[in-house]
Amino acid sequence: MSTENDSPRDVGDFIRDLRHNARISLRQLAQQAGVSNPYLSQIERGLRKPSAEVLQQLAAALRVSTPLMYLRAGLLDGRDHPGVLAAIATDPDLTAAQKQSLSQIYETFRRESNRPDATDLDATAPDPDPRPSDRPEPEEKR
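To convert, note that position 1 of the sequence shown is 1 in this note's numbering; the numbers rise steadily by one, no gaps.
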């Protein structure tokens, strides 16, 4: 599914906005992400479209979720995450920092809910404070 955010220019603008918001230079981001300074400059200007791997490295360096970066680059259409990341990414009332925070929180919740030991905790966990009628009667002392 194509979105309005799938052009190289849009992902470049998004990366530049995140970089400015994080108050790091182009050179610093390039070094942290493991890409060359000229290549990152071309991405930000929309002259190059980065690969999924480079987007992942940039997301890690900018501390945003990889799916959000993929969504902005047009590599993810939101079907895997029913519109939540898309809604966050395209909300005009949120700042880049707010979008980053919300996306990270959402991804954390999704990871936690997908853990094997996190399935239906109510059904498997003992009741921490059973009602008095559920407690066994104490044995009488002789």
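Everything labelled a hint here was simulated from the structure, so no lab data went into it. Computed from a prediction, not measured in an experiment: that's the story for all the values here. Glycine residues also receive a C-beta, built at the ideal position from the N, C-alpha and C atoms. A hint or two may mislead.
[To be verified] Here are the simulated distance ranges between beta carbons:
hint, residue 1, residue 2, range
1, ASN37, GLN98, 27 to 33 Å
2, ALA87, ASN37, 19 to 25 Å
3, SER113, ASP17, 27 to 33 Å
[As the list claims (entries may be wrong)] In silico lysine to aspartate or glutamate, DMTMM-like type, Cα no more than 25 Å apart, as pairs:
hint, residue 1, residue 2
4, LYS49, GLU112
5, LYS49, ASP13
6, LYS49, ASP91
7, LYS49, ASP17
How the hints compare with the structure:
no., hint, result
1, ASN37 x GLN98: 27 to 33 Å, "holds (29 Å)"
2, ALA87 x ASN37: 19 to 25 Å, "violated (34 Å)"
3, SER113 x ASP17: 27 to 33 Å, "holds (30 Å)"
4, LYS49 x GLU112, "violated (32 Å)"
5, LYS49 x ASP13, "holds (12 Å)"
6, LYS49 x ASP91, "holds (23 Å)"
7, LYS49 x ASP17, "holds (17 Å)"
Checked against the numbered hints listed earlier, the structure breaks hints 2 and 4; every other hint is satisfied.
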